[in-house]
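Participant: Here is what each chain is made of, one letter per residue.
There are 2 protein chains.
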Amino acid sequence: MRFIIQRDRLVQSVQDVMRAITSRTTIPILTGIKIMVTEEGVTLTGSDSDISIESFIPKEEDGNEIVEVIESGGIVLQARFFNDIIKKLPTDLVEIQVSNHLQTIIRSGQSEFNLNGLDPDEYPHLPQITEGNMFSIANDLFKTIVRQTVFAVSTSETRPILTGVNWQVENDKLTCVATDSYRLAMRKIQIETNNPAEYNIVIPGKSLSELSKILDDSKETVDIVITDNQVLFKSKNLLFLSRLLEGNYPNTSQLIPTHNKTEMIIDTKEFLQSIDRASLLARDGQNNVVKLSTLENNHIEISSNTPEIGKVIEQLKSKSIEGEDLKISFSPKYMMEALKVLEGTEMNIKFTGAMSPFIIQPTNDDSILQLILPVRTY
Amino acid sequence: MRFIIQRDRLVQSVQDVMRAITSRTTIPILTGIKIMVTEEGVTLTGSDSDISIESFIPKEEDGNEIVEVIESGGIVLQARFFNDIIKKLPTDLVEIQVSNHLQTIIRSGQSEFNLNGLDPDEYPHLPQITEGNMFSIANDLFKTIVRQTVFAVSTSETRPILTGVNWQVENDKLTCVATDSYRLAMRKIQIETNNPAEYNIVIPGKSLSELSKILDDSKETVDIVITDNQVLFKSKNLLFLSRLLEGNYPNTSQLIPTHNKTEMIIDTKEFLQSIDRASLLARDGQNNVVKLSTLENNHIEISSNTPEIGKVIEQLKSKSIEGEDLKISFSPKYMMEALKVLEGTEMNIKFTGAMSPFIIQPTNDDSILQLILPVRTY
Numbered sequence: 001m002r003f004i005i006q007r008d009r010l011v012q013s014v015q016d017v018m019r020a021i022t023s024r025t026t027i028p029i030l031t032g033i034k035i036m037v038t039e040e041g042v043t044l045t046g047s048d049s050d051i052s053i054e055s056f057i058p059k060e061e062d063g064n065e066i067v068e069v070i071e072s073g074g075i076v077l078q079a080r081f082f083n084d085i086i087k088k089l090p091t092d093l094v095e096i097q098v099s100n101h102l103q104t105i106i107r108s109g110q111s112e113f114n115l116n117g118l119d120p121d122e123y124p125h126l127p128q129i130t131e132g133n134m135f136s137i138a139n140d141l142f143k144t145i146v147r148q149t150v151f152a153v154s155t156s157e158t159r160p161i162l163t164g165v166n167w168q169v170e171n172d173k174l175t176c177v178a179t180d181s182y183r184l185a186m187r188k189i190q191i192e193t194n195n196p197a198e199y200n201i202v203i204p205g206k207s208l209s210e211l212s213k214i215l216d217d218s219k220e221t222v223d224i225v226i227t228d229n230q231v232l233f234k235s236k237n238l239l240f241l242s243r244l245l246e247g248n249y250p251n252t253s254q255l256i257p258t259h260n261k262t263e264m265i266i267d268t269k270e271f272l273q274s275i276d277r278a279s280l281l282a283r284d285g286q287n288n289v290v291k292l293s294t295l296e297n298n299h300i301e302i303s304s305n306t307p308e309i310g311k312v313i314e315q316l317k318s319k320s321i322e323g324e325d326l327k328i329s330f331s332p333k334y335m336m337e338a339l340k341v342l343e344g345t346e347m348n349i350k351f352t353g354a355m356s357p358f359i360i361q362p363t364n365d366d367s368i369l370q371l372i373l374p375v376r377t378y
Numbered sequence: 001m002r003f004i005i006q007r008d009r010l011v012q013s014v015q016d017v018m019r020a021i022t023s024r025t026t027i028p029i030l031t032g033i034k035i036m037v038t039e040e041g042v043t044l045t046g047s048d049s050d051i052s053i054e055s056f057i058p059k060e061e062d063g064n065e066i067v068e069v070i071e072s073g074g075i076v077l078q079a080r081f082f083n084d085i086i087k088k089l090p091t092d093l094v095e096i097q098v099s100n101h102l103q104t105i106i107r108s109g110q111s112e113f114n115l116n117g118l119d120p121d122e123y124p125h126l127p128q129i130t131e132g133n134m135f136s137i138a139n140d141l142f143k144t145i146v147r148q149t150v151f152a153v154s155t156s157e158t159r160p161i162l163t164g165v166n167w168q169v170e171n172d173k174l175t176c177v178a179t180d181s182y183r184l185a186m187r188k189i190q191i192e193t194n195n196p197a198e199y200n201i202v203i204p205g206k207s208l209s210e211l212s213k214i215l216d217d218s219k220e221t222v223d224i225v226i227t228d229n230q231v232l233f234k235s236k237n238l239l240f241l242s243r244l245l246e247g248n249y250p251n252t253s254q255l256i257p258t259h260n261k262t263e264m265i266i267d268t269k270e271f272l273q274s275i276d277r278a279s280l281l282a283r284d285g286q287n288n289v290v291k292l293s294t295l296e297n298n299h300i301e302i303s304s305n306t307p308e309i310g311k312v313i314e315q316l317k318s319k320s321i322e323g324e325d326l327k328i329s330f331s332p333k334y335m336m337e338a339l340k341v342l343e344g345t346e347m348n349i350k351f352t353g354a355m356s357p358f359i360i361q362p363t364n365d366d367s368i369l370q371l372i373l374p375v376r377t378y
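Quick mapping for you: the protein sequence lines, in order, are chains A and B. The numbering used here numbers the first residue of the first sequence as 1 and each following residue consecutively. The numbering used here numbers the first residue of the second sequence as 1 and each following residue consecutively.
Treat the hints with care, as some may be off.
Below, a list of computed lysine-lysine pairs in the DSS-like style, where the Cα atoms sit at most 30 Å apart [what the hints assert, rightly or not]:
hint	chain 1	residue 1	chain 2	residue 2
1	B	LYS87	A	LYS269
2	B	LYS333	A	LYS87
3	A	LYS333	A	LYS319
4	B	LYS88	A	LYS333
5	A	LYS261	A	LYS333
Derived CB-CB ranges, DEER-like [said to hold, decoys possible]:
hint	chain 1	residue 1	chain 2	residue 2	range
6	A	LYS87	B	GLN168	36 to 46 Å
7	A	ARG147	B	LEU102	38 to 48 Å
8	B	GLN103	A	THR252	42 to 52 Å
9	B	LYS87	A	GLU343	20 to 30 Å
10	B	GLU337	A	SER293	56 to 66 Å
11	A	ARG147	B	ASP228	55 to 65 Å
12	B	ASP267	A	GLU343	49 to 59 Å
13	A	ILE161	B	LYS87	35 to 45 Å
14	B	GLU337	A	THR25	28 to 38 Å
15	B	THR26	A	PRO124	52 to 62 Å
16	A	LYS87	B	HIS101	51 to 61 Å
Worth flagging that the hints you see were computed from the coordinates, not collected in a lab. Positions of the beta carbon are idealized from the N, C-alpha and C atoms, including for glycine.
Construct the entire structure; sequences and hints are all you get.
Facilitator: Printed below as a string of structure tokens:
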């Protein structure tokens, strides 16, 4: 194996596949990056068994030569060292050559590294996925729906299924739901599919977060192929394969209240900042809660109190309040996380009493829904 | 106590005095910020007993009103909460008022915080320093000399005196020396004093670092007053008081070799980058060393080797090499830290054999000197 490559392109691709690589693997070869060189270009692979990422660097792009292939072949190199080295090489071009006994030479300017490689034949084979049924989402929309749901997954392994995001595809509609059983985030979008298949899968939250970090904001799309226990995301020069979580995701639709007792419309940013301030005196408190009370004349009061430190009270004007008077307590953390992913300057909160879950949505947009369980303090 | 203040100025001053405040103090009131209000303005104080910082916010500056004093007085407020709160207040003006029983109200827009304060009379008195003998250094020069020396102080408490920087004042010259006994950093500057006093003190490295972070890059100066066990730094609206380290600082002048066997001139940046690359394969090695060897034709070779990972070799052209051939090993960390604070594009390294300390200086500038002990590997 021997090739010369533009350093910046190599650095970018290595950083992408590094997202799948962890040093805490029980399979030593998975701490490496697999590099395969063919006449077409260079393919880099990283994997931790749960997530596998393949990044392809074509020989040529838009008429510019990116890789000069001198000899095909492959090698596995320690990911951490390889990544650190190429980032610091002195010139724009890098030559990588495998000599006998897997010894790999990395040359750039007057600098020559000699790394001990591993046999690429010993690298685990990625599962093959037949690409029959698939649907596509634009990169930026994909990143948005992930951002609007993935923060609500559970971080506890007591119910592993809740560490994933539930994706349901039905009638050209994708519904994404995440919940840690204290709050729930839901986002619906229209998709275009080439088949009428229905899916109900649970994708690990970590997989969606990592893929979001790799995808650029361009107008490219992600093609999504779902199988029994894997999901494959394909973007330009990139394959991202994740295992699915096994088990039945709870039926969350019954959690969402269908009627309400108090409804208000508030400026999203003002409300977020007010909760943020109130949380300062809530974080050390026993309950870590912020209170919301309705007042006269469409005003609401946000307050919190930690006796040993102090208390905070502030009033906000809401655009409208309808229904019963209300005093309710909730976690400022859950509220702020939900508000931060809402799109739209105004939002609608619908309460069903102080003990029941309430829902938050942008006004005039029911494709996003955030649900929070209140904290009992009265 | 009651006053109205521009929020940005308050935030800046609070952040400055916060640098002296630690939550790990044994004196509970020192987790607070002391706020004293007089007809002249507002004085904030933070202290951890070792370092004390006072920041003064004048009532008026350049004709603009900064503070409106309604009633003089004082209070001590929990620093962490106070700092977090004022940063997030909704409007540009903040009103702070102490009501009965040390209860303190912070108002901004529709937001009202109520904090439990402490009695300012119970806050420790700062040592008073009579300002007889002093000298001055421009802010930017002060920050430079600190940056060029403080990285070399010891981080180990086995010889506490080495955790400080030795400042010697003699004949209008200030010499700053720091060493952890493996390397040494020295910087000399001319100063102007109003007296012929001589000083030989050791200032805790932490004090110098923190003060450097507070001083702005303006053309202001720091006035320095030295007493038996304290040093006072005065800058515009700022008092920074630090205890001195007790004990005798080792006589370091005898460590610096006065003649050499090999001398070379190298491009500072090229050399730094080369050491940086070589250090990638040195960090996990048993010795954590990089080797330097002289070659023919004014070339040098930088290399390192960790058998289980790999090795790196690269050649650099030096501008000149004089004297004996040399093979020497040293810590890449110490070398890089020394090179990063050298000013000048070219530097001079003077070696006195593979087992002796060597010195690094910018060419044509002997006001800076970096000394490193080699590592024995041959």
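Participant: Evaluate each hint against the coordinates.
Facilitator: Status of the hints after comparison with the structure:
Restraint check for LYS87 (chain B) and LYS269 (chain A): satisfied, since their Cα atoms lie roughly 16 Å apart, inside the 30 Å limit. At roughly 18 Å between alpha-carbon atoms, LYS333 (chain B) and LYS87 (chain A) fall within 30 Å of each other, so this suggested pair holds. Proposed proximity of LYS333 (chain A) and LYS319 (chain A) is supported: the alpha carbons are some 24 Å apart, at most 30 Å. About 16 Å separates the Cα atoms of LYS88 (chain B) and LYS333 (chain A), which keeps this hinted pair within 30 Å; it holds.
This hinted pair checks out: LYS261 (chain A) and LYS333 (chain A) have alpha carbons roughly 24 Å apart, not beyond 30 Å. For the pair LYS87 (chain A) and GLN168 (chain B), the supplied restraint of 36 to 46 Å holds, since their beta-carbon distance comes to about 42 Å. The hint said 38 to 48 Å for the Cβ distance between ARG147 (chain A) and LEU102 (chain B), and at roughly 45 Å that hint holds. Judged by the Cβ atoms, the range 42 to 52 Å given for GLN103 (chain B) and THR252 (chain A) holds: they are separated by roughly 46 Å.
Restraint check, LYS87 (chain B) to GLU343 (chain A): a C-beta distance of roughly 26 Å satisfies the suggested window 20 to 30 Å. Range check, GLU337 (chain B) to SER293 (chain A): about 57 Å between beta-carbon atoms, so the 56 to 66 Å window is met. One distance hint, 55 to 65 Å for the beta-carbon pair ARG147 (chain A) and ASP228 (chain B), holds here, with the actual separation near 60 Å. Between ASP267 (chain B) and GLU343 (chain A) the beta carbon distance is about 52 Å. The supplied range of 49 to 59 Å therefore holds.
In this structure the hint that ILE161 (chain A) and LYS87 (chain B) lie 35 to 45 Å apart at CB holds, the actual value being about 40 Å. Separated by about 34 Å at the C-beta atoms, GLU337 (chain B) and THR25 (chain A) satisfy the suggested range of 28 to 38 Å. At roughly 55 Å, the beta carbons of THR26 (chain B) and PRO124 (chain A) sit within the given window of 52 to 62 Å. Between LYS87 (chain A) and HIS101 (chain B), the C-beta spacing of about 59 Å keeps the proposed range 51 to 61 Å intact.
Every hint from the earlier list agrees with this structure, and none is contradicted.
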